[in-house]
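Protein chains in written order, with the working numbering: chain A, 173 to 649; chain B, 89 to 846.
There could be a bad hint or two in this list.
Claimed, not checked - In the DSSO-like style, the derived pairs of lysine-lysine whose C-alpha atoms are separated by at most 27 Å in a straight line are:
id	chain 1	residue 1	chain 2	residue 2
1	B	Lys467	B	Lys456
2	A	Lys398	B	Lys811
3	A	Lys627	B	Lys560
Stated by the list, open to error - Listed below are several chain A residues computed to face chain B (Cβ distance under 7 Å; list not exhaustive):
id	residue
4	Ala271
5	Gly275
6	Ser335
7	Ala338
8	Val365
9	Leu403
10	Pro408
11	Ile423
12	Ser432
13	Ile434
14	Pro437
15	Ala440
In short, the hints are calculated from the structure, not lab data. The C-beta atom is built at its ideal place from N, Cα and C for all residues, glycine as well.
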Amino acid sequence: MNKHHIHLHRRAFLGNTTRGVGSVALATLMQKGFVQAAKNNNAQGFIQPGHLPQKAKRVIWLTMAGGPSHLETFDPKPKLAEMHGKPMPESLTKGQQLAQLQGSKLVCQGPLFPFQKFGKNQTEICSLFPHTGSVIDEICLIRSMVTDAINHDPAHMFMNTGSQIAGRPSMGSWVNYGLGSEAEDLPGFVVLVSTGKGRSPQPIAARQWSSGFLPSKHQGVQLRSKGDPVLYLGNPPGISKEQQADDVQVINTLNRKLDSSISDPEIATRISQYEMAFQMQASVPELMDISKESSRMLDLYGCTPGDGSFASNCLLARRLAERGTRFIQLYHRDWDHHSLLKEELPLRAREVDQACAALIRDLKQRGMLDETLIVWTGEFGRTPMGQGNKGPIGRDHHNKAMSMWMAGAGVRGGMVYGATDELGYAAEKDVVTVHDLHATMLHQLGIDHEAFTFKFQGLDAKLTGVEPCKVMKDVLF
Amino acid sequence: MSLIPLSLICFGWIAVPDEPLDFNRDIRPILSENCFYCHGPDKSHREAGLRLDDRESAIKKKAISAGDSKNSLLMERIFSKDADTLMPPPDSRKKLSEDQKQILKKWIEQGAKYSMHWAYEPPVKKQVPAGINPVDHFVGVRLAKVGLKPSPETDRRTLARRLYFDLIGLPPKPAEVEAFLNDKSPDAYGKLVNALLQNPHYGERMAIGWLDVVRFADTIGYHSDTPRNIWPYRDWVIQSFNSNKRFDRFTLEQIAGDLLPDASQETRVGSGFNRLLLTTEEGGAQAKDYESRMLTDRVRAVGTAWLGQTTGCAQCHDHKYDPFTSKDFYAMGAFFADIKETAIGRREEGMPVLDPQQAAQMEILEKKLKALQAGKPSKEEIASIEKAIKAIQAASPKTLVSVSLDKKRVVRILPRGNWMDDSGEIMKAAFPAYLPAPKSNGKEPGRMELAKWLVSRENPLTARTVMNRLWKQFFGTGLSKVLDDLGAQGELPPNQDLLDWLACEFMDSGWDFNHMVKTIVSSKTYRQTSTPSAEQVQKDPYNREHARQSRFRLDAELVRDNALDIAGLLNGKIGGPSAKPYQPDRYWENLNFPTREYSADKDVSQYRRGLYVWWQRTFLHPSLLAFDAPSREECTAERSRSNIPQQALVLLNDPSYVEAARALASRILKESNGRTDERIRWAFQLALQRNPDQEELHTLRTLFEKHLAEYRKDPQSAANLLKVGLIPVPKELDRAELAAWTHLARVILNLHETITRF
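Excised from the complex, chain A in its bound form (with noise of 0.2 Å):
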């Protein structure tokens, strides 16, 4: 975290405030023993100390929701373009289940783009993400993950819950209840969504960041790039900063009062969130403004201020992680192509490749990238199968292989792990579950996925579940 930051900003608060009617009495409050009281409720992880040497502080998880293509994307099939317009083998396919190929005749189509090597391995990406290819070095690429489901909706729970039964915590969550938080004036977990310039995209529930069963402290605060940042954020119209600041000391002072008579620790821990909301009121817009970033910054990331953009998002996720936020996840929308696969999907690897590659280098020059764990992944991956009910070619949701990407904090760059058989369809050699991925991203954070529990419904409830999985020891330094 950049102590030297949170410092000025803190001052330059306080500035500000100076001629409300409580300044005087706030300005006391929010010295050291009250930010302590704050920091004691929001910020007490339950790992103290963690299992694990720990690797990564924090992790930005980029999530391409919908599905990307990894024939498309990170896995080179030549086998597949050979095949193309053949049948599937039914020796690959027999007692599958498909979403919308379902009962269809099973066609191979190759790939729609060609691939070109990067890095000092040489490794094959694909042509339409020139930007990660100069990065591939950074980067760990992982060609044989699987997961369970083939709906979005479960296939995103598996991915954040390890669960396709709702009302499990998010990995964001788990992390924070495992961790605590650094970020003193911020939420420890915070998710941004943007959308794809294309078509209708699929939706995102709120679940994917609910705390589920742990305490609701721990939550997803999704950051909005139009109206209030977090919701309920902007005072009343009518009501300015100084008056709020009033108001607040007033409650504050009321409570305390209270406290002071009928001795209750939640009364105190009231007083503190009020702060803390209070904080928030001037700490979030200070960061979600990014028109203080050099042109130079804005260039690299390819952003303009305000724009909702997916590389806004990933510019400000390098915000949030100099700031001490635990858990940054973000989604871009609009990788479901069951159709115009060929004419959609380099529109939206257009929107995310420089931004990737932009938050390494940016991570990497400020020294953060080696304590911050970057994770590229979709819900699930597609069909070699071209699926063409649905207009111009596609292909359809497929769970027994994707390819996703890690990078930082102790993961081994320019390296491809795993892979897929020949023709794409199921991974084969190192396959890496859901689970796996959990388990490995846990470990670089310091904590023991076995060890790692919480007491729900009479169980000691896992992220991990309760099948055997491992950490992937071979990505890692």
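Place chain B on chain A using the hints.
Below, chain B alone, put in the same frame as chain A:
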């Protein structure tokens, strides 16, 4: 590792107790937590063929030699110094404490007596001496044992507020508190209790908890999360509580309301319970996948709402801790295999729900039709009546109900929960094998039999589960604190005699809910002060022994109701379509198929109670969400009570609360008289039914005067503030004054005291 959740640190046994060991109290929790995972009910995962949940097996395998710890292999293994033979094995991350080992040793020496898990034994109704409220009797027995004394009765103002919030979910009016304070008759309190039980808002208050456990919501939950017709079910719940419908009947109507011999519109609306689950309209969803999701969803619902059993794990394997097997799970699911529904896609419109007037018209029309058909009617005559019938149906609200298929769906055990695997055994509906069940008559039981079984005198779980939840409403924590699990991994209630008495009394009274509510709130235990003594905090920090009352924040819906009521805005209408209060723009922007604009109500529906707020499962109204209202995607027996910054942002900035502050300010100016201090006093009375002291008055007066001066200088800001919300600004009021009072009102609505039930 320090991963013990707070919820586990409770008031319980720490050292080896002196008195004879009790299996359920002292032994089962140790074995369940540390051993059953590998040596318990789940046969597929059992190690060395040994089970420690069964005495015979443990003895046969020589793990236990009753009365002889030296010859018990269990002792050898748990005291082993060798990591290879130590039990539990180190890689299980389970570890017995020295005390726990000694307890097990002593237990074996005392003869290793087992008893059935407490919650599977029928509850026993212990004798209560005459002239004492049974709640007080059983609490008193425990208090004597743990060396605590009950607290004095709280003051009458607090008592009135507590009772109003607990029974109707609304604050008392100052005059109502005044009348109670001045009522010197010995049964003043009893009269108040009776009046509140008769209050039509009682049903609303009681409904909230039930709507959580049955996961009532206005939308389908998965993917597009589109609306469905179901709100008449919510009103049915409210009316059921208001009419004190007996809980056995309440159960029957929900599970089998369409099959009852006296099935009516009302009971069919209740059978909407079976339709409350999550459904999908996602393209590419597979029918078999969702058929399986729906089956499992329903089993979990019965488990949570009635049985207090966690059943979810048995979807894939036998329960690790309780005797609930995979077979039990699918056999339970098979009870619902007759429900007519589509596995994927849009739900049907549902049954028209006629109001009494429409029903009367319908009756006349149907009679006419019959009479006509007996003669030789013309086509036109018939058509005109049919048209009239259709018109009534079209004009009435619809609701999803249960309809039984002639031929049930086939239910198979899904190996490891895999819906693609057709190899599992076909299951007929059957009661869980570990619980007492009626003698089979050879016919497969149906939903009606299931409902009757749930509320039979022999079922040891239902009454305990329901009373445990009711207790939480009045004391903040269940008697057994894990509300959704009375199984082995739940908590043996510290005061089991009390829970069992309540359960028995509930059944003996004919499942009379009001009788139980009255019994509890009439007790001295309920009426104690909630301010703890230092000794109580030290000896019983979580108030599990009830030597005092508990204090807790109001539930999400009631936080809203309280503010609206104090402001004079509350719309007291009971029932009807769900309401849409103001909501931040674009909050639904991530919804799709179709995309949706939220359109807030522009009339008095804006001020309806919190339980009527439109329940959008994937994006629940953010002001309710901030105060821990569950999304109701899953059955929720336990709401958490958090204290987070978002709550402050809601109360400070949500237009609903700003408007409430504005309306309260108008009331202060119009309904109170005199100087600032007197008006502040009036507002305090309205919100808290007490007077502010000098310090509070001074603080608030200073704030008011400062804001008044600011708004006098800046009339535009005053005008802007007064524009928030729909209610008009009274013409005669001074704008600057009104704006300054709005701040004061806002402070009052934000106070911890205002949103807390003491």
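Against the structure, the hints:
no.	hint	verdict
1	B:Lys467 to B:Lys456	holds (14 Å)
2	A:Lys398 to B:Lys811	holds (22 Å)
3	A:Lys627 to B:Lys560	holds (19 Å)
4	Ala271	holds (3 Å)
5	Gly275	violated (11 Å)
6	Ser335	violated (10 Å)
7	Ala338	holds (4 Å)
8	Val365	holds (6 Å)
9	Leu403	holds (5 Å)
10	Pro408	holds (4 Å)
11	Ile423	holds (5 Å)
12	Ser432	violated (11 Å)
13	Ile434	holds (5 Å)
14	Pro437	violated (10 Å)
15	Ala440	violated (10 Å)
When held up to the earlier numbered hints, the structure conflicts with 5, 6, 12, 14 and 15 and fits the remainder.
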